[in-house]
Each structure stands twice: as C-alpha cells, then as structure tokens.
Amino acid sequence: MNSPSRDRLVLDAKMIERTLKRMADEIVEQNQGTESLLVVGIQTRGVNLAERLVQCIQQAEEVRVPTGKLDITLYRDDLRHVAVQPLVRSTDLPSDITGLHVVLVDDVLFTGRTVRSALDALVDFGRPARIQLAVLVDRGHRELPIQADIVGKTVASAQNEEVVVKVREVDGADGVWIRPV
Amino acid sequence: MLFNRKHLLGLEELTAEEIQMILDTAVPFKEISERQIKKVPVLRGKTIVNLFFEPSTRTRTSFEFAEKRLSADTINISTSQSSVVKGETLVDTARNLEAMKIDMVVIRHGASGAPRFLSERIDSNVINAGDGWHEHPTQGLLDMLTMRERFGRLAGLKVGIIGDITHSRVARSNIWGLRKMGAEVGVCGPPTLVPGHVRELGVKVYPRVEDVLAECDVINVLRIQLERMQSNMFPSLQEYNRIYGVTTRRLRAAGHDILILHPGPMNRGVEIDSDVADGPQQVILKQVTNGVAIRMAVLFLLAGGKPAGAAEAASMRE
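Line by line, the protein sequences are chains A and B. Under my numbering, the first residue of the first sequence carries the number 1, and numbering increases by one thereafter. Under my numbering, the first residue of the second sequence carries the number 182, and numbering increases by one thereafter.
So here's chain A without its partners, still in its complex pose (with noise of 0.2 Å):
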C-alpha cells in the first residue's frame, strides 16, 4: 500500500500475515488448547484482528473459537478532552463471558490507557476466568501498569510519533507505519 515517504514500514502486508499466525499459535499455547476460549476485538481495527487471529486458529486447531467486539468508548477517562466528538459503535458479546478465557486484542499498545478502559467494559459483562491482551504492536510509552501477554512486534517509537496501522477491511491494504506527527 502507497504511504508517504516520510513515513518508516513497520510491518508489511506479508510480515502481518505471518505475525498473526505466529500470534495465534501463542494464543492455543498458552491456553492449552482452545476450550472456554474467546477472542474479543477492541472497536474498530482491533475487531478486524481479532477475527483474522480466529480464522488462523481454524486453520490450525480445526476449531471455530467464539469472537466479539468491544467498544470502549463509554469507558474512556479524557472523554471530556478528545478534539474529535467521539463514536460510539457496538459492542457485540456473548450474553456472559462469566468462566470463559477472554484474549482482548487491539492493534497497537500505547498508554494502556485503553487497554484499562476495556478491562471495564469487559467485567461489566460477567467475570472471566483470565483475560489476556494480544496487540499486533507494542510501541511502547504505557502511563498505566499494562503489559500485552502476546505481541506481534515492539517497535521503538518516539513520543512525537503515531504508529498508523492499516487492515484491508478497513483501509483497503495491510501495513503498519511510524509517521512523525
């Protein structure tokens, strides 16, 4: 996909394809396989991952593991403070996710400040066993206690820079950049 010059790759369409299936293994492994397992997609690219991870572990595993979508925007603690009015999309989940292993996934890691935002979202809806956190991208820069337990790439990113990541179903094309902002 054409991207300004100015901006560095970070992951091609290619390297995606393959850290999703490597992430996806991560996922049944550290499960010990795919029962009680449920993959919830943050609003919006992270909804498009988590369902591409699925399709991986079907391919693997033969097993069509549960997924859902999650909005956090209703959770956000700088909803006062954002520039742009923000949207409040859907949030579609299994009645109760009560005993269920629930992997969240996002597309980038930044703050945690979202990842925290979800964890909320997520409780409201019943008590999970475990809930693990899966992101395509870490870049680091976390203002709250979060890790992921599976990551597709650490990047090194400066405080000045946005890391812009691209899903075919959204955008048209697969990539991940770091872009000066």
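Do not rely on the hints blindly, as some may be mistaken.
To be verified - Quick list of simulated restraints, FRET-style, between CB atoms:
| id | chain 1 | residue 1 | chain 2 | residue 2 | range |
| --- | --- | --- | --- | --- | --- |
| 1 | B | Gly-268 | A | Ile-146 | 50 to 60 Å |
| 2 | B | Lys-220 | A | Ala-173 | 52 to 62 Å |
| 3 | B | Gly-226 | A | Pro-180 | 45 to 55 Å |
| 4 | A | Ala-173 | B | Gln-217 | 49 to 59 Å |
| 5 | A | Glu-62 | B | Ser-237 | 56 to 66 Å |
| 6 | A | Ala-173 | B | Phe-332 | 33 to 43 Å |
| 7 | A | Asp-171 | B | Arg-389 | 50 to 60 Å |
| 8 | B | Val-469 | A | Asp-120 | 25 to 35 Å |
| 9 | B | Ser-237 | A | Leu-87 | 24 to 34 Å |
| 10 | B | Ala-336 | A | Glu-29 | 49 to 59 Å |
| 11 | A | Ala-60 | B | Glu-194 | 51 to 61 Å |
| 12 | B | Arg-389 | A | Asp-120 | 26 to 36 Å |
| 13 | B | Ile-256 | A | Arg-6 | 28 to 38 Å |
Note that these hints are calculated values from the structure, not bench results. Everything numeric in this text was worked out from a predicted model, so none of it was measured. C-beta: ideal position from N, C-alpha, C; glycine also.
Assemble the complex: chain A is given as a structure, and chain B must be docked to it using the hints.
Below, chain B alone, put in the same frame as chain A:
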C-alpha cells in the same frame, strides 16, 4: 463532525447532520439497556436535576433511566415539591440548584420557551423535556429513530400526524425534525385543532383521516388531551372517535401496511382503538425503549467531546 451544542432546546434549531448524529449515537446505546449490568461510567460524577413543572411519568422516568444508565447522579424535582409553590421564580429555582454545583437540567414546563429562558441564565446544560405548545425534542427524536429502524431511512417517508396539532409539542418537534430529514409530513384533525399556519411549515393538511391513512407510511396518533374538552374544541369524545379515530376498519380500508406510533398515554377508544393499540402495526413500546436510548445519546453528546483541552488530551489517546 462535532456536536457543539450546549443545550437541546428544540429540533427547529438543529441541523439535519446534528439530528442524524443523535440518531446514530442512540443505536449503540440501545445495547446497554439489554445488558445484565445496565450501566456505563460515561457521566460518572455529573449531577443532573430533572425539573418537572408539569405532570409526567413516561418522559421523567425515561430521562432518569438514561441518566442512571450513564452513571450520573440524579435529583427529581416537581412543582409540588419545590419552592415554586411559595412563589419562587423559575430562574431563582435553577440558580439555587446551580449553586449546589449541578451539571445539567432537564426541564419540563407549561410555558413555551421556559427551557430557552433558563439556558440564557444558568451555566448548566439545559435539555427541553417538553415546553408548553412549543417542542418536545427528545420525543421527536425517538419517533424518528423508531421510524428509521422500520424503514431504514427517513428521507422520502410519508408521515401523517393525527389529532390536536395546535396544542401538541410532539407534533411540532415531529414536523421540524422529519422535514429536515427529508420526510413528507401531513396533519389531520378537527379544524379547531389544526393551526392555519401549519402549511407554512411545508406540511400538507388532510381533511379526512381516511386520506392520511391511504397516503402515509407512518401515522403518529396524538393523545386527545381530555382536559381540553372543557374548552369545546370538538363536540364529544364519541364524535372524535367516529371522525378521527384510528380504527381497525380504517386501517384495513387503507389497504397497505402502516406503522402506528403514539407518544402516550393513550385514550383507548378515543384517538386509537384498543385493537390497533395492541395490534401488529403499532410500535408504541418500541418507542418507549428507543426513548431511553435517545435520551442517553443526547446526554452523552451534550456532556462529552468538548474541544477545549484537546491538545493535552491528544497525547493521552491511543
């Protein structure tokens, strides 16, 4: 797009884009009411006063549910409980409440313009929950959401409003809102209860209820306000039912599927027959459900997404 308003006073002043944004925001809020824990923390720490100077069960309860589901702290004040009975003015009541550090006021008042009057004098967000004969914007919005759910669109829909148009704030909000969203609106009712100037709003006036039913996709049946019977606006309830009542017979004669809305409370056997009120074409309880979602959306949009402080917040986002 940014919803940049501080108050919701009526649909007349909103743009089509703003109405669209409220309707779109309400859709995911419906899901919250389906959850086991029907609560999100978005208005945590906010205090909202529901200031009701007129009797209301449905609207007040709906606002209260919406506020509580967004985690706001709420206080309900009705005329009989307030110092209004001791002669305190509206603005003094509100200023006193504001001195107790409230954030939002939801007001219903018998005087048209009372919410605007208040909004010009206090710092809190003001939401109109019905003012006199003027507007009932959240009712108009929930009606539109209910219609959009059924038809997938508002543009091009033909909507008929039947009943006391003159005194109806619901009719006025429906007319403003629906026209902005590209729907065609017609009204029908006793000539004493249909204002002459309604045509100037781009509304068609139908003399016979049969004609509205024949042409429209949606009918919004207004409550005949029995209290107005004192003022001889029409001869009798029986005669009203005979001429303007939405009956099974008339619906059958229309020969096509019509969506029936009613803002409630209903006078069964007067403006609407019981068979119709409980029949397959009505969506009256869906309107009630949508009312909570619409009010959650309005509270959320008025409270959130302020442009101030955006710069420092940018670094917090991910």
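Outcome of the hint check:
For B/Gly-268 paired with A/Ile-146, a C-beta distance near 57 Å keeps the hint of 50 to 60 Å intact. For the pair B/Lys-220 and A/Ala-173, the beta carbons lie near 40 Å from each other, so the given range of 52 to 62 Å is not met. Our hint of 45 to 55 Å for B/Gly-226 and A/Pro-180 is violated, since their Cβ atoms are close to 37 Å apart. Take A/Ala-173 and B/Gln-217: their Cβ atoms lie about 40 Å apart, and the range 49 to 59 Å is violated.
About 58 Å separates the C-beta atoms of A/Glu-62 and B/Ser-237, a value consistent with the hinted range of 56 to 66 Å. At about 36 Å, the beta-carbon gap between A/Ala-173 and B/Phe-332 stays in the expected band of 33 to 43 Å. For the hinted restraint 50 to 60 Å between A/Asp-171 and B/Arg-389, the CB-CB distance of approximately 55 Å keeps it satisfied. At about 29 Å, the CB distance of B/Val-469 to A/Asp-120 agrees with the hint of 25 to 35 Å.
A hinted range of 24 to 34 Å for the beta carbons of B/Ser-237 and A/Leu-87 is consistent with their spacing of about 31 Å. For the pair B/Ala-336 and A/Glu-29, the beta carbons lie near 53 Å from each other, so the given range of 49 to 59 Å is met. Our hint of 51 to 61 Å for A/Ala-60 and B/Glu-194 holds, since their Cβ atoms are close to 57 Å apart. At about 57 Å, the beta-carbon gap between B/Arg-389 and A/Asp-120 misses the expected band of 26 to 36 Å.
Roughly 54 Å separates the CB atoms of B/Ile-256 and A/Arg-6, a value that falls outside the hinted 28 to 38 Å.
The structure fails hints 2, 3, 4, 12, 13 (numbered hints given earlier, in ascending order).
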